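K.L.:
Single-letter residue listing:
2 protein chains.
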Amino acid sequence: MVDIKTRFEQLIENKDWKELKVELNDIDPVQITEIIEDAPDGDDVLLFRLLNRKLAKETFQLLSHDMQEEIIESMARNVKKLSTLLNDIEPDDRTAFFEELPGTISQRLIQFLSPEERNTTIRLLGYPEDSIGRLMTPEYVAVNPEHTIEEAFAHIRVYGKDSETLNVVYIVDKEWKLVDDIRIKELILADPQQKVQDLLDYRFVALNAMDDQETAIGAFQDYDRVALPVLNSEGVLLGIVTFDDIMDVAEEESTEDFHKFGSIQQSIANPLKERAWGMYKNRIVWLLALVFVNIFSGAAISSFESLIQTVVSLVFFLPLLIDSGGNAGSQSATLMIRALAIGDVKVSDWYKLIGKEFIISFLLGVTMAAGVAAIASFRAPEIILVVALSMLLIVMTGSLIGLLLPFLFTKFRLDPATASAPLITSIADICGVLIYFSIASWIM
Amino acid sequence: MVDIKTRFEQLIENKDWKELKVELNDIDPVQITEIIEDAPDGDDVLLFRLLNRKLAKETFQLLSHDMQEEIIESMARNVKKLSTLLNDIEPDDRTAFFEELPGTISQRLIQFLSPEERNTTIRLLGYPEDSIGRLMTPEYVAVNPEHTIEEAFAHIRVYGKDSETLNVVYIVDKEWKLVDDIRIKELILADPQQKVQDLLDYRFVALNAMDDQETAIGAFQDYDRVALPVLNSEGVLLGIVTFDDIMDVAEEESTEDFHKFGSIQQSIANPLKERAWGMYKNRIVWLLALVFVNIFSGAAISSFESLIQTVVSLVFFLPLLIDSGGNAGSQSATLMIRALAIGDVKVSDWYKLIGKEFIISFLLGVTMAAGVAAIASFRAPEIILVVALSMLLIVMTGSLIGLLLPFLFTKFRLDPATASAPLITSIADICGVLIYFSIASWIM
Numbered sequence: 001m002v003d004i005k006t007r008f009e010q011l012i013e014n015k016d017w018k019e020l021k022v023e024l025n026d027i028d029p030v031q032i033t034e035i036i037e038d039a040p041d042g043d044d045v046l047l048f049r050l051l052n053r054k055l056a057k058e059t060f061q062l063l064s065h066d067m068q069e070e071i072i073e074s075m076a077r078n079v080k081k082l083s084t085l086l087n088d089i090e091p092d093d094r095t096a097f098f099e100e101l102p103g104t105i106s107q108r109l110i111q112f113l114s115p116e117e118r119n120t121t122i123r124l125l126g127y128p129e130d131s132i133g134r135l136m137t138p139e140y141v142a143v144n145p146e147h148t149i150e151e152a153f154a155h156i157r158v159y160g161k162d163s164e165t166l167n168v169v170y171i172v173d174k175e176w177k178l179v180d181d182i183r184i185k186e187l188i189l190a191d192p193q194q195k196v197q198d199l200l201d202y203r204f205v206a207l208n209a210m211d212d213q214e215t216a217i218g219a220f221q222d223y224d225r226v227a228l229p230v231l232n233s234e235g236v237l238l239g240i241v242t243f244d245d246i247m248d249v250a251e252e253e254s255t256e257d258f259h260k261f262g263s264i265q266q267s268i269a270n271p272l273k274e275r276a277w278g279m280y281k282n283r284i285v286w287l288l289a290l291v292f293v294n295i296f297s298g299a300a301i302s303s304f305e306s307l308i309q310t311v312v313s314l315v316f317f318l319p320l321l322i323d324s325g326g327n328a329g330s331q332s333a334t335l336m337i338r339a340l341a342i343g344d345v346k347v348s349d350w351y352k353l354i355g356k357e358f359i360i361s362f363l364l365g366v367t368m369a370a371g372v373a374a375i376a377s378f379r380a381p382e383i384i385l386v387v388a389l390s391m392l393l394i395v396m397t398g399s400l401i402g403l404l405l406p407f408l409f410t411k412f413r414l415d416p417a418t419a420s421a422p423l424i425t426s427i428a429d430i431c432g433v434l435i436y437f438s439i440a441s442w443i444m
Numbered sequence: 001m002v003d004i005k006t007r008f009e010q011l012i013e014n015k016d017w018k019e020l021k022v023e024l025n026d027i028d029p030v031q032i033t034e035i036i037e038d039a040p041d042g043d044d045v046l047l048f049r050l051l052n053r054k055l056a057k058e059t060f061q062l063l064s065h066d067m068q069e070e071i072i073e074s075m076a077r078n079v080k081k082l083s084t085l086l087n088d089i090e091p092d093d094r095t096a097f098f099e100e101l102p103g104t105i106s107q108r109l110i111q112f113l114s115p116e117e118r119n120t121t122i123r124l125l126g127y128p129e130d131s132i133g134r135l136m137t138p139e140y141v142a143v144n145p146e147h148t149i150e151e152a153f154a155h156i157r158v159y160g161k162d163s164e165t166l167n168v169v170y171i172v173d174k175e176w177k178l179v180d181d182i183r184i185k186e187l188i189l190a191d192p193q194q195k196v197q198d199l200l201d202y203r204f205v206a207l208n209a210m211d212d213q214e215t216a217i218g219a220f221q222d223y224d225r226v227a228l229p230v231l232n233s234e235g236v237l238l239g240i241v242t243f244d245d246i247m248d249v250a251e252e253e254s255t256e257d258f259h260k261f262g263s264i265q266q267s268i269a270n271p272l273k274e275r276a277w278g279m280y281k282n283r284i285v286w287l288l289a290l291v292f293v294n295i296f297s298g299a300a301i302s303s304f305e306s307l308i309q310t311v312v313s314l315v316f317f318l319p320l321l322i323d324s325g326g327n328a329g330s331q332s333a334t335l336m337i338r339a340l341a342i343g344d345v346k347v348s349d350w351y352k353l354i355g356k357e358f359i360i361s362f363l364l365g366v367t368m369a370a371g372v373a374a375i376a377s378f379r380a381p382e383i384i385l386v387v388a389l390s391m392l393l394i395v396m397t398g399s400l401i402g403l404l405l406p407f408l409f410t411k412f413r414l415d416p417a418t419a420s421a422p423l424i425t426s427i428a429d430i431c432g433v434l435i436y437f438s439i440a441s442w443i444m
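From first to last, the protein sequence lines are chains A and B. Just so we're aligned: 97 in our numbering is position 97 of the first sequence, and the numbers increase by one with no gaps anywhere. Just so we're aligned: 49 in our numbering is position 49 of the second sequence, and the numbers increase by one with no gaps anywhere.
A hint or two may mislead.
Okay, the calculated beta carbon distance ranges per label pair [stated by the list, open to error]:
| hint | chain 1 | residue 1 | chain 2 | residue 2 | range |
| --- | --- | --- | --- | --- | --- |
| 1 | A | Glu234 | B | Glu186 | 32 to 40 Å |
| 2 | B | Glu19 | A | Gly126 | 28 to 36 Å |
| 3 | B | Ala206 | A | Ile110 | 38 to 46 Å |
| 4 | B | Ile4 | A | Leu101 | 20 to 28 Å |
| 5 | B | Leu307 | A | Ile443 | 35 to 43 Å |
Sample of chain B residues at the chain A side, in silico, Cβ under 8 Å [stated by the list, open to error]:
| hint | residue |
| --- | --- |
| 6 | Asp222 |
| 7 | Tyr223 |
| 8 | Gly326 |
| 9 | Ile342 |
| 10 | Ser438 |
In case anyone wonders, no lab produced these hints; they're calculated from the structure. In this text, all values refer to a predicted model and were calculated from it rather than measured experimentally. Every residue, glycine too, gets a C-beta built ideally from N, C-alpha and C.
Generate coordinates for the entire structure from the input sequences, incorporating the hints supplied.
P.N.:
Structure representation (structure tokens):
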């Protein structure tokens with residue numbers, strides 16, 4: 001790969017377009033994508049236009065959205081080439097591309113599509129943003145259950161050319177309602193004279209076009225399929241969803257959860273490419289919100305002003321104690337958020353987990369109390385009891401808050417990952433300050 | 001599904017084994033799995049044994065590891081049934097199951113396998129724990145490039161029965177070195193009299209059996225394939241890896257990252273099922289380690305004892321200021337950890353991100369300084385300048401630490417997610433305390 005890269009960099013530098021055209025069309029789309037993405041501005045678009053039709057289609061789908069836009073823009077004057085490219089891209093990838101364009105541009109581009117392709121795209125664009133309808137491609141092969149295997153293959157040879165996958169074949173009745181799906185393996189292994197319906201068990205797993213894409217992730221994980229059919233509410237087959245689109249969705253979902261847990265408002269696609277201003281906007285929202293949560297810790301502390309002035313050493317342990325509560329809370333929130341996302345734990349399970357968390361956090365609290373008591377014995381022996389007892393209570397409170405908050409958010413139809421580490425830290429801080437200084441003024 | 005569940009609960013309660021046998025064999029493995037997992041102890045194993053051979057095999061692979069062990073244990077006396085089941089499971093699922101058993105038990109179980117299956121399993125068990133070799137199944141179909149398509153199909157009909165997938169067919173030379181892979185779609189659509197080699201482009205993507213499983217996740221994301229071939233260092237085809245196994249690995253990886261980021265030592269499989277003691281052990285390690293990091297914040301504060309006694313109001317803003325640094329740091333760490341995990345950012349990119357983070361964190365710091373100044377103007381106007389200036393510097397320091405730590409960990413071959421939110425909070429605390437009180441003693 002390194003050699004190829006250097007080779008192409010050389011050719012691009014020398015502007016040897018003739019040789020580039022030959023060699024570029026001889027490597028695979030993933031490599032081409034890397035070369036185009038790395039090429040200097042201006043050259044990248046020219047490189048793309050050297051590709052033959054098949055490679056152009058395959059490469060386009062792999063390019064970043066920005067690069068895709070650049071290419072389309074550069075082709076705007078060459079109407080014929082542009083419409084060939086747009087018509088060649090798979091409908092689901094095309095929808096994904098149009099999706100991110102400003103409305104007016106996508107409307108203009110849709111006009112370059114053939115009437116047939118246009119219908120498909122517009123239909124796909126009609127589904128809610130995170131619905132399965134947006135992911136599906138209508139490029140599948142359906143056969144009649146009354147055909148023989150041989151006839152089915154003849155049909156597949158004619159209609160299968162445009163199909164995104166032939167790994168699974170769909171069986172539909174006269175109203176195009178899905179009757180069954182069957183793996184190509186079974187058709188190949190069966191006797192050619194047998195009827196298709198003899199192979200069917202009339203059991204299939206299907207998705208609803210209006211359902212959320214997360215449902216699809218779950219279905220692909222439960223049932224090891226390469227593709228799943230998508231139906232409307234009447235059971236009519238509208239399209240299929242393939243596993244590669246689902247893998248992308250799954251990756252986006254976990255990035256989103258991860259980013260939310262770190263208190264980022266909206267998932268940031270690629271920190272290398274994102275603009276500084278966009279990143280600022282996505283980060284400042286939560287940071288400011290947390291400042292206002294933290295005002296309460298300050299208020300709590302100020303009400304203990306005279307106590308602090310008398311025993312200043314209490315302040316030494318303040319960061320340690322409140323952080324420990326936040327840390328224990330982050331741990332339990334982490335566990336719950338991920339378990340809820342994967343489906344290991346349901347909202348209705350919260351009460352089963354509370355008892356266990358009580359025991360665990362008690363054990364954690366006792367251990368940590370012993371630790372902090374050991375430290376205090378060197379530095380401030382007069383407050384050993386205060387810090388140890390506070391530690392135990394603070395760790396337990398933090399843990400239980402961390403456990404419950406993700407459930408609470410889910411209950412109110414918010415993403416459980418909104419219970420971010422920083423949010424839990426801030427809430428645990430308030431509790432920590434109150435517990436610590438209350439115990440201190442009670443004991444001392 | 002709810003109806004089915006209630007129905008079966010009824011049948012199980014009535015111990016109507018005869019009817020259960022009929023109805024259980026009539027639903028699909030995913031439903032059966034749910035029913036078995038939900039059934040009372042003892043009944044679950046009996047239910048499993050009511051299944052016919054095909055369903056037993058399919059269901060076994062979907063059950064939790066604990067349930068799998070229970071079933072194998074219960075079958076220990078019925079040698080014939082046990083060995084049928086073990087031989088029926090797909091080799092890669094079997095390896096995954098054996099993997100988690102204590103060594104002596106898996107050795108005993110391997111003896112129940114047929115000589116052929118035993119070889120496969122032992123071979124699969126020879127690869128390093130997180131290697132692709134552990135994921136692969138040897139159940140693929142390979143054809144000779146000199147065959148015609150018709151001959152190839154005849155071959156596939158004979159040898160394809162045991163193949164995990166027929167979606168892709170592999171072309172090997174006489175030494176079983178991989179020459180190309182071809183989608184079944186292309187074979188079906190081609191002229192039966194054509195030779196297989198006429199269809200080949202001799203370009204393929206393959207994995208190395210000794211490589212890390214993360215490599216495979218990347219490859220599946222880059223190339224939209226259903227399965228990828230696995231080769232040894234000589235290019236000989238050893239087996240294939242299918243996308244469903246990769247989806248599981250990808251899910252585990254992101255759970256691990258998520259858990260690490262929340263300061264959990266080792267990923268916890270399912271918080272509902274995990275024992276309290278195991279969860280305690282996985283959580284206490286980091287909590288205690290962080291206590292010792294936090295000692296430094298305490299030490300830093302104690303060196304400013306007289307300042308604090310003079311201006312107690314400084315303490316009110318302590319949690320707010322140090323938390324803000326930690327929060328900004330968690331945000332940048334979140335972005336970097338995920339971007340490194342997905343591959344959007346490479347270790348060598350760190351210097352490209354520093355400049356941008358400097359700008360972003362400056363903007364964040366200025367906004368937050370304005371916020372905290374507004375709060376201080378109500379509560380402690382005498383320290384407005386101190387808190388505002390501290391906030392700016394603390395937010396910037398926290399952000400840069402959060403950005404750099406994941407790179408540093410990767411550099412030292414540690415998981416970037418070790419730069420957990422709590423760790424960053426604690427480190428940011430120390431910096432925060434020092435910045436805050438230094439500025440305070442300098443200004444006042």
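K.L.:
So, as I understand it, the hint says Gly326 of chain B touches chain A; can you test that by seeing if any CB pair is closer than 8 Å?
P.N.:
7 Å, holds
K.L.:
Should the interface hint for Ser438 of chain B be scored as holding, given a Cβ-Cβ cut-off of 8 Å against chain A?
P.N.:
This hint is violated: Ser438 of chain B lies away from chain A, its Cβ roughly 16 Å from the closest one there, beyond 8 Å.
K.L.:
Given a cut of 8 Å on the nearest C-beta pair, is the interface hint for Tyr223 of chain B held or broken against chain A?
P.N.:
It holds, given that the least Cβ distance between Tyr223 of chain B and chain A is near 6 Å, below 8 Å.
K.L.:
Does the interface hint hold: is Ile342 of chain B within less than 8 Å of chain A, judged Cβ to Cβ?
P.N.:
OK, holds: Ile342 of chain B within 8 Å of chain A, min 7 Å.
K.L.:
Given Asp222 of chain B as an interface hint, is the shortest Cβ-Cβ distance to chain A below 8 Å?
P.N.:
5 Å, holds
K.L.:
Should the hint that Ala206 of chain B and Ile110 of chain A are 38 to 46 Å apart at their CB atoms be regarded as holding?
P.N.:
40 Å, holds
K.L.:
Taking 28 to 36 Å as the hint, is the beta-carbon distance of Glu19 of chain B and Gly126 of chain A inside that range?
P.N.:
For Gly126 of chain A against Glu19 of chain B, whose Cβ atoms are near 46 Å apart, the range 28 to 36 Å is violated.
K.L.:
Within 32 to 40 Å: is that where the Cβ-Cβ distance between Glu234 of chain A and Glu186 of chain B falls?
P.N.:
35 Å, holds
K.L.:
Does the Cβ pair Leu307 of chain B, Ile443 of chain A satisfy 35 to 43 Å?
P.N.:
With Cβ atoms ~26 Å apart, the hint is violated.
K.L.:
Kindly confirm whether 20 to 28 Å is satisfied by the beta carbon distance between Ile4 of chain B and Leu101 of chain A.
P.N.:
Taking Cβ atoms as reference, Ile4 of chain B and Leu101 of chain A lie about 45 Å apart, which means the hint is violated.
The structure shown violates the earlier hints numbered 2, 4, 5, 10.
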